[in-house]
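Asks: Given chain A, work out where chain B should sit, using these hints.
Which chain is which? The protein sequence lines are A and B, in order. The opening residue of the first sequence carries number 1 in my numbering; numbering runs sequentially from there. The opening residue of the second sequence carries number 1 in my numbering; numbering runs sequentially from there.
Please note: incorrect hints may appear among the correct ones.
[Unchecked claim] Here chain A is said to cover these stretches of chain B; the calculated rule only asks that three of the stretch's residues, wherever they fall, bring their Cβ under 8 Å from a Cβ of chain A:
no.: 1; segment: 152 to 159
no.: 2; segment: 163 to 176
no.: 3; segment: 271 to 279
[As the list claims (entries may be wrong)] To give an idea of the chain A side of the interface with chain B (calculated C-beta under 8 Å), a few residues:
no.: 4; residue: V52
no.: 5; residue: A61
no.: 6; residue: P132
no.: 7; residue: P137
no.: 8; residue: L139
no.: 9; residue: N190
no.: 10; residue: V207
no.: 11; residue: N209
no.: 12; residue: T234
no.: 13; residue: I236
no.: 14; residue: N238
no.: 15; residue: N244
no.: 16; residue: Q250
no.: 17; residue: F397
no.: 18; residue: L401
no.: 19; residue: S435
Derived from the structure by calculation, the hints contain no laboratory data. As the structure is a prediction and not an experimental result, all values here were calculated from the model. Backbone N, C-alpha and C fix where the C-beta goes; we use that ideal spot for every residue, glycine too.
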Amino acid sequence: MIGKKLVVLLSSAALLGALAGCGSTAKPVATGGTSGPKVGGTLNVGINSDFVTLNPAMSSALIDRQAYINIFDPLLKLSPQMTIEPDLVTHWTVSNGGKRYTLYLRHGVKFQDGTPFNAQAVIYNWKWEMNPKNASPRLSNLSLVSGLSAPNNYEVVVNLKAPFAAFLSLLTGRTGMISSPTAMQKEGSNYGLHPVGTGPFEVVSWVKNSHLTLKRNPNYWQKGKPYLSKIVYTPITNPQQEYNALTTGQEDIIDSVPYQDVSQLSSNASLHYAKMTGLGYSDMELNTTKSPLNNVHNREAINYAINRQALIKLIYFGQTKPAYSQFPPSSWAYDPNLKVPFSDALAKEQLKKAGNPSGFSFTLLGSNDPVTVQEMQAIQSELAKVGITMHIEPVDFTTLLTDAINGNYQADMLGWSGRPDPDQNSYAFDTTGGSFNDPRYSNPEVNTLLLQARESTSESTRAALYQKAAKIIAHQAPYIFIAYTPVIQAWSTKVHGYKAYPDDLMRFTDVWMN
Amino acid sequence: MARFIVRRIINVIPVAFIVLLVTFSLIHIAPGNPAYAILGEQASPAAVKLLDQQMGLNQPLGLQFVEYLRHVVEGNLGYSLLDHQSVASLIVSRLPVTFELAVLAVILSLLIALPAGILAAYRPNTWIDSVSRVLALVGAAVPNFWLALLLVYIFAVSLHWFPSLGWIPLSQGVASNLWHVILPVVVLALPLVAITSRVLRGELMEVMRLMYIQVARSKGVREWGVVMRHGLRNALIPVVTVVGLQVGGLLGGVVITESIFSLPGMGQLVVDAIFNRDYPVLQGSVLFMALVVLAANLLVDLCYAWIDPRIRYN
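Isolated chain B (complex conformation):
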């Protein structure tokens, strides 16, 4: 197991390199220059040139990349071109918001998707299954920016149950914090509910047809016990895979959701960095997000062994 983990961590290095290379190339290929974002409409050619020089952007691209890479290897993600704050501190300050949104979205989605998937598999082609199917269809089809505005209109503007936007840190009160994040969490959770519940339903129905399930039934185990104890655990591996894969999608959804609900998380940090061509902030944030996705995948792999003891990592 330890060797497996070490090997996986070593694999992170080429992936991180590729992520950095692609991000660096894309943002530099994109037209626009941070000097214009800083100087605005007042940007004269002389001022732009001077600022480029100060920011080291007049160096050849290859050299800039090598220099950046050297700093990253040394553990320095650089400084924002706009306000000179360290990228690491910016990420640390934004992380709690995004982390909380993502974790709560996954928890909420599992709280809905697991019972929905199990019930749909347990009673296929009944009204329970139909409701679960419609929910999944809606969750998968509705774009989250639209869902966000709809929820705000219903629950904030019309019913006044929840605030329409904003963020209260956990340190200022758990209840207040949760009250502010409920709508964005629902927006993020719904697509996850859709895919997770459908995968679970399909997988569970497959498993329920296997021989050992028949054996369990013939031993006199009650049907509910058969589903929960013998069926569910074996159906969980694809579910865990799907949840793991959704971490990447979740980070994408966070960008839009944070923007609509004015939440100061990683998504907003990335969007601002793109608009302002704040290269170090963008590269650092994307690298960090990529590492999170890799870590999530590693966690999923480790979960396999926990769910199914037959799986061994050698």
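In isolation and in its complexed conformation, chain A is listed as follows:
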């Protein structure tokens, strides 16, 4: 049974790889006058929407992860370069042809309720998530798991049905955030209001739409950390108001800055900021099973007719880069040579090939927030130049999601927040029947390439496979990638030790206040 051991140890670069060209810019943080970390203080954090649930097993909202990253230590953590590093799992082995992962847990870690963090707790969490009755959004991440066992208190053996190179990457996210089984059982369906993790901060109170207060976990396994006494998150849904709250000193740090205000940041002496390419992208999904976008030439025509640079200037105030694939510059699978030219002539040529030289019409569903509506209008006017009539239908996010998942649309604008491993940005989106494959795209060659990439353990082999698949996707255009999502965060100069990450999550273990 014992297969060839493929990877051991802490150097995770082999699995996720170092990031090249993260593209981050930040005003230098002044170090003079601060003599090391100070304990105490309250950090006020502005976030762009309210948390939905504090239970990582039940969370599907991106924003929830902002709280989790400080309440729950994931089994593995990401470096600022998005490489995988040990955390609650100190080391691991991969065997049986990539189908068995043995995870070795850190000793002496306790949940915030005093119960021990161990292999049984990890397995309890995952079995709970794998039980379809619990309707956990984590279920699909664990669908490849065929067996879980704990040879001892600090060892978890995960058997997979097939090799899955992105498995470790999953453990850096919500799947790797382990709750106290005692608290889960005690709280039942209320656990989402009173979560208990192993992280540097524990929940004090959560008043929806108002604030979430965390306090220092005095028994945190990293002795002496964290430094802050308290963190108060305030949801501020109006982007301008979120920025105002930072400039007026009501908040000490905010998770996003309106694009139009970024240029002011460098001239504000009381603020630091970081700007980098994130993990996600904005895109249009084209339903390949519905006329007229079931015709590949019609889809290609749209791809050529969109002036991404102009859109980026208009919508993002030039703060990001045009996107041509699912792999952003922060990913090792990024292909800098892959581009889709902006050309009305090429678009018209495709229309001729499609048999409708004078164009066609379709409807684009999109979120009803003002920025998306403006983006849709800009695309509409660009497509009109080549004779394509695009009707716009702004809807609320739940409607958009429901229609997209059910294929009840011609085209939509949904975007993807992105994950560190390229598999998480592509496999479920591009393979036949994939759970995120809203365009119902099906191409046996892409299926094979992405399956090979998922099962391979060599980063260079995987990168080549992803780049090959990305070329086919760019050509067949089930998705029209527009721009990579930038991460722009700003914080007061009172805040020290903070570092922004391309995954947009604000980690406060090492942060202290003046």
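Replies: Then chain B, alone, in the frame of chain A:
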């Protein structure tokens, strides 16, 4: 009077039923499903089906409505589909914010509108009247989301006089609480000032032309006394009517204002419930708001008798 009140309360039943029916129908007609809001992008057809079953959303709509109605009659507004909190407790937790905003907005609007309306009527077509007219025009014309952002820019960002957002409960200090709610209260009050002051001005000028006012003057009552003692009380009935009617509009304005100022009130609760298709929370909140409007109208009717003793409810 008691019979009148009882009759009015009985009338609430059909109104509440219609409100529930309309809310239930609208939110169920709207595309989207709470299962997708809960499961997000990971929603597989099997998971959606299972969750629908668990939430009872696979039942025929008629049956769901009857079941919901039965619970409401029993005094149970249900539980949030998202976090299983009871709807009643959610409403109770959000009510203080909205209640305070609404009450302070009405008080502030009356503090401005009554003198403005009286002075404008007392000195029509003078500069006082012109200022009052411009104020009313601005109040009626300016959308409150724009006014909110403008006030924040001037008084929070530029002058640093008030916080740009947030909420401090009264229990943590009255001054701090008021300091946080001043800007949102002004935003909510301004449209009320506009309509109330104009209605009062028009009504007061009408009343001042009536015979008994001439009689009062001929008895030698001073002009100011004529306006305040004889004119104002008779002009107040339409004003009270307008204020009562504005309660509904105020609850609408609260939705936007709470969102801009990040205030955890009923408005935010309703908006979130709509976006997440949290049916029980939405239905419960709308029903509650409808009852508040009905209560406000009843209060207005009762005020008539207090303002004008000639009015009797039999």
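Asks: Indicate, hint by hint, whether the structure satisfies it.
Replies: To see whether the hints hold, each was checked on the structure:
1. Given a C-beta distance limit of less than 8 Å, the hint that chain A covers the segment 152 to 159 of chain B holds, as 4 residues qualify and 3 suffice.
2. Coverage of the segment 163 to 176 of chain B by chain A holds. Counting CB-CB distances below 8 Å, 5 residues qualify, and the rule asks for three or more.
3. Coverage of the segment 271 to 279 of chain B by chain A holds [criterion: at least 3 residues with CB-CB distance below 8 Å; count 5].
4. For the restraint placing A/V52 at the interface with chain B, the shortest Cβ-Cβ distance is roughly 7 Å, inside the 8 Å limit, so the hint holds.
5. At its closest, the beta carbon of A/A61 sits 7 Å from a beta carbon of chain B; the interface hint therefore holds under the 8 Å criterion.
6. At about 6 Å, the closest approach between the beta carbon of A/P132 and any beta carbon in chain B falls short of 8 Å, and the interface hint on this residue holds.
7. Because the beta carbon of A/P137 sits about 4 Å from the nearest beta carbon in chain B, less than 8 Å, this interface hint is met.
8. At about 7 Å, the closest approach between the beta carbon of A/L139 and any beta carbon in chain B falls short of 8 Å, and the interface hint on this residue holds.
9. Interface restraint check for A/N190: the shortest CB-CB distance to chain B comes to about 7 Å, inside 8 Å, so the restraint holds.
10. Hint on A/V207 holds. Least Cβ distance to chain B is approximately 6 Å, under the 8 Å limit.
11. Hint status for A/N209 relative to chain B: holds, with the closest Cβ pair at about 4 Å, below 8 Å.
12. With a cut of 8 Å, the hint placing A/T234 at the interface with chain B holds, because the nearest CB-to-CB distance is about 6 Å.
13. Among the interface hints, the one on A/I236 holds; its C-beta lies about 5 Å from the nearest C-beta in chain B, closer than the 8 Å criterion.
14. A hinted interface residue such as A/N238 counts as satisfied when its beta carbon comes closer than 8 Å to some beta carbon of chain B; here the least separation is about 5 Å, so the hint holds.
15. The criterion of a C-beta within 8 Å of any C-beta in chain B is met by A/N244, whose closest approach is roughly 4 Å, and the hint holds.
16. The interface hint given for A/Q250 is met, as the beta carbon of that residue sits about 6 Å from the closest beta carbon of chain B, less than 8 Å.
17. With its C-beta approaching chain B no nearer than about 6 Å, A/F397 sits inside the 8 Å limit, and its interface hint holds.
18. For A/L401, the interface hint holds, since its Cβ comes within 8 Å of a Cβ in chain B; the closest pair sits about 5 Å apart.
19. Nearest Cβ of chain B to the Cβ of A/S435: about 6 Å, under the 8 Å cut. The hint holds.
Consistency note: the structure conflicts with none of the earlier hints.
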